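A.B. asks: Protein chains in written order, with my numbering: chain A, 1 to 256; chain B, 1 to 295.
If you are wondering where the hints come from, they were derived from the structure by calculation, not from laboratory data.
As the structure is a prediction and not an experimental result, all values here were calculated from the model.
Some clues are possibly wrong.
[Unchecked claim] As a list, the in silico DSSO-like pairs of lysine-lysine whose alpha-carbon atoms are at most 27 Å apart:
| no. | chain 1 | residue 1 | chain 2 | residue 2 |
| --- | --- | --- | --- | --- |
| 1 | B | 92 | A | 155 |
| 2 | A | 126 | A | 151 |
| 3 | B | 186 | A | 151 |
| 4 | A | 151 | A | 132 |
| 5 | A | 197 | A | 151 |
| 6 | A | 132 | A | 150 |
| 7 | A | 47 | A | 25 |
| 8 | A | 79 | A | 150 |
| 9 | A | 133 | A | 151 |
| 10 | A | 47 | A | 126 |
| 11 | B | 92 | A | 133 |
| 12 | A | 155 | A | 197 |
| 13 | A | 132 | B | 92 |
| 14 | A | 77 | A | 47 |
| 15 | A | 155 | A | 133 |
| 16 | A | 132 | B | 100 |
| 17 | A | 155 | B | 100 |
| 18 | A | 79 | B | 100 |
| 19 | A | 155 | A | 25 |
| 20 | A | 155 | A | 47 |
| 21 | A | 150 | B | 186 |
| 22 | B | 100 | B | 186 |
| 23 | A | 132 | A | 155 |
| 24 | B | 186 | A | 126 |
| 25 | B | 92 | B | 186 |
| 26 | A | 132 | A | 77 |
| 27 | A | 79 | A | 126 |
[What the hints assert, rightly or not] Partial list, derived from the structure: chain B residues whose beta carbon lies under 8 Å from chain A:
| no. | residue |
| --- | --- |
| 28 | 100 |
| 29 | 174 |
| 30 | 176 |
| 31 | 178 |
| 32 | 181 |
| 33 | 184 |
| 34 | 185 |
| 35 | 188 |
| 36 | 190 |
| 37 | 191 |
| 38 | 192 |
| 39 | 193 |
| 40 | 195 |
Quick reminder that beta carbons are idealized off the backbone N, C-alpha and C, glycines included.
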Amino acid sequence: MLTISLLWTNMEKRAQEISQEPLLKISNIDVFQGTFQALWDVSLEVKAGEIVGLIGANTSGKSTLLDTISGLLHPAKGKIEFDGQDISTMEPFHIVELGITQVPEGRGIFPDMSVLDNLILGSYSKRARSRKKENLENVYQHFPILETRKKQMAKTLSGGEQQMLVLGRGLMADPKLMLLDEMSLGLAPIIITSLYKALQEIRERGITILFVEQNVRRSLQEADRAYILEVGRVTLSGTAEELREEEEVKKAYFGV
Amino acid sequence: MIDISSLAGPLVNGILWGGLFALIGMGLSLVFGVMNLINVAHGDLVILATYFAFFLSTGLFMRYNLPFDMDPILSLVIIIPVMFGLGYAIQKFLMSRAFKVSAEAPLIIAFGISLIIQNVALRFWTPMSRSLTPPYVLDAFVIGPLRIRVVYVIAFVAALIIVFLLREFLRRTYLGRAISATAQNKSAAHLMGVNTGRVYAFAFAISMAVAAVAGVCLGLIFSFTPEKGIQFLIIAFGVVIIGGLGSMVGTLLGGIIMGLVMTFGGLIDTNWQMLLVYLVVIVVLAARPQGILGR
Numbered sequence: 001m002l003t004i005s006l007l008w009t010n011m012e013k014r015a016q017e018i019s020q021e022p023l024l025k026i027s028n029i030d031v032f033q034g035t036f037q038a039l040w041d042v043s044l045e046v047k048a049g050e051i052v053g054l055i056g057a058n059t060s061g062k063s064t065l066l067d068t069i070s071g072l073l074h075p076a077k078g079k080i081e082f083d084g085q086d087i088s089t090m091e092p093f094h095i096v097e098l099g100i101t102q103v104p105e106g107r108g109i110f111p112d113m114s115v116l117d118n119l120i121l122g123s124y125s126k127r128a129r130s131r132k133k134e135n136l137e138n139v140y141q142h143f144p145i146l147e148t149r150k151k152q153m154a155k156t157l158s159g160g161e162q163q164m165l166v167l168g169r170g171l172m173a174d175p176k177l178m179l180l181d182e183m184s185l186g187l188a189p190i191i192i193t194s195l196y197k198a199l200q201e202i203r204e205r206g207i208t209i210l211f212v213e214q215n216v217r218r219s220l221q222e223a224d225r226a227y228i229l230e231v232g233r234v235t236l237s238g239t240a241e242e243l244r245e246e247e248e249v250k251k252a253y254f255g256v
Numbered sequence: 001m002i003d004i005s006s007l008a009g010p011l012v013n014g015i016l017w018g019g020l021f022a023l024i025g026m027g028l029s030l031v032f033g034v035m036n037l038i039n040v041a042h043g044d045l046v047i048l049a050t051y052f053a054f055f056l057s058t059g060l061f062m063r064y065n066l067p068f069d070m071d072p073i074l075s076l077v078i079i080i081p082v083m084f085g086l087g088y089a090i091q092k093f094l095m096s097r098a099f100k101v102s103a104e105a106p107l108i109i110a111f112g113i114s115l116i117i118q119n120v121a122l123r124f125w126t127p128m129s130r131s132l133t134p135p136y137v138l139d140a141f142v143i144g145p146l147r148i149r150v151v152y153v154i155a156f157v158a159a160l161i162i163v164f165l166l167r168e169f170l171r172r173t174y175l176g177r178a179i180s181a182t183a184q185n186k187s188a189a190h191l192m193g194v195n196t197g198r199v200y201a202f203a204f205a206i207s208m209a210v211a212a213v214a215g216v217c218l219g220l221i222f223s224f225t226p227e228k229g230i231q232f233l234i235i236a237f238g239v240v241i242i243g244g245l246g247s248m249v250g251t252l253l254g255g256i257i258m259g260l261v262m263t264f265g266g267l268i269d270t271n272w273q274m275l276l277v278y279l280v281v282i283v284v285l286a287a288r289p290q291g292i293l294g295r
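Just chain A, with the same shape it has in the complex (with noise of 0.2 Å):
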């Protein structure tokens, strides 16, 4: 049984590679929180097996953007697809069956839950609740101090694995996109490098990851592609080579 699983995710893997169709495909998208408009013809893609960042300041509306691919928000104009749906218009547990996880800003955790309880209901979903104990598996050696602390309250942890906590949930939901708001908030540099080196291992096991982050120089260290969100616009975009090139990127470069 474990082998056929294994054996079609990796011809899904391929057949996407192949096809070339993006995974998640944003087009012109304008989105409004209350009667304030925070998304401007917005167009984004994300290829599966990428990791892509979205860099922007404080009121850029990258939030915004992540919640409305959640099915938090729904675009006003525009449309999203993933994997081929139209999810523009769908509810967030719909989404999470279909594949998207978000990671939220401020980590989301449930406080008076244990780090254990916490996981599992990450595999809240139909979807992700027949690979349980695999995912939970997975998380373990990704993050081995959350087995050790798995029966303590989650609101006990440090900062870092409190980070560690909502990535492993996340894991749970069995994504086949991971989105990540603001992973780094206050934490120290070296565990921002652990966290963002358990991405590259995540990603290597074939989710694809679009994450969230103020930091200019991290972002394209760690990034495949990013796109440049200011005020609700994506300014610019490109291979993380080419945006360290960018003079207007070389400015905020040294500016970070």
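Got chain A; can you put chain B on it based on the hints?
C.D. replies: Quick look at chain B alone, frame taken from chain A:
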């Protein structure tokens, strides 16, 4: 000199009453904890269950006299599912829409439900004071100088069972965990694939099922009229505030404390009973707002 043995009565009775108060408070606590809704109709919904049991045990209803004769505890087999369904429907069709309108709308709807229930009860069963009176209603265990009414013990045991069941449900089942998670962090739960609409509906339904048990126990212990709902709502608030939000065991403790305050307050002066209760609530709010076991 205070006679120790004369304190035993209020002590035991206070603890047992605590079971009933805890039962009434649990439904309120669940709904407030999960969806931040202060269900001001909760007391009336409990009384509705009581009247339902009254109807099933006496057959009285407006000017009709149907040949019903069900034991109130047995009638829970019917009342619990009906209240469960009612709760699910109220949340799914009324409250969920009210939430979309504004933050205060659900409160107003709850108030409306409260009024409707009181007036329906008034119409169907008149303002006469009623009681549930199965054969064992006045029986008591006699232990030395103590007379402990059987129905007090029933209510207390019911409270223990329900606290246990609820706690296990919230901790071990996927739906229970989803309800806990939604109470702790709604948007994170949303992102986990939890269907928060369904979670809210189930939380309200469970709250009503517990209210059903509370209603029957209430009718066995106290007499009731259509307006009694408000009085018990206030007691439920006190229980939840003292015990702390989010903890089922806390609600049990809160109930017991309320029960003890009432029985010992009654020793001092029956007119002061409720005043003492309110004073305790104020003190707890001032000294430890999150309650004894609250988050």
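A.B. asks: All the hints need checking, so say for each whether the structure fits it.
C.D. replies: To see whether the hints hold, each was checked on the structure:
| no. | hint | verdict |
| --- | --- | --- |
| 1 | B:92 / A:155 | violated, 32 Å |
| 2 | A:126 / A:151 | holds, 25 Å |
| 3 | B:186 / A:151 | holds, 22 Å |
| 4 | A:151 / A:132 | holds, 17 Å |
| 5 | A:197 / A:151 | holds, 25 Å |
| 6 | A:132 / A:150 | holds, 15 Å |
| 7 | A:47 / A:25 | holds, 9 Å |
| 8 | A:79 / A:150 | violated, 41 Å |
| 9 | A:133 / A:151 | holds, 17 Å |
| 10 | A:47 / A:126 | holds, 25 Å |
| 11 | B:92 / A:133 | violated, 34 Å |
| 12 | A:155 / A:197 | holds, 24 Å |
| 13 | A:132 / B:92 | violated, 30 Å |
| 14 | A:77 / A:47 | holds, 23 Å |
| 15 | A:155 / A:133 | holds, 24 Å |
| 16 | A:132 / B:100 | violated, 35 Å |
| 17 | A:155 / B:100 | violated, 31 Å |
| 18 | A:79 / B:100 | holds, 25 Å |
| 19 | A:155 / A:25 | violated, 36 Å |
| 20 | A:155 / A:47 | violated, 36 Å |
| 21 | A:150 / B:186 | holds, 22 Å |
| 22 | B:100 / B:186 | holds, 15 Å |
| 23 | A:132 / A:155 | holds, 23 Å |
| 24 | B:186 / A:126 | holds, 19 Å |
| 25 | B:92 / B:186 | holds, 17 Å |
| 26 | A:132 / A:77 | violated, 37 Å |
| 27 | A:79 / A:126 | holds, 26 Å |
| 28 | 100 | violated, 14 Å |
| 29 | 174 | holds, 6 Å |
| 30 | 176 | violated, 11 Å |
| 31 | 178 | holds, 6 Å |
| 32 | 181 | holds, 5 Å |
| 33 | 184 | holds, 5 Å |
| 34 | 185 | holds, 6 Å |
| 35 | 188 | holds, 3 Å |
| 36 | 190 | holds, 5 Å |
| 37 | 191 | holds, 5 Å |
| 38 | 192 | holds, 5 Å |
| 39 | 193 | holds, 3 Å |
| 40 | 195 | holds, 5 Å |
Taken one by one, the earlier hints fail for this structure at numbers 1, 8, 11, 13, 16, 17, 19, 20, 26, 28, 30, listed in ascending order.
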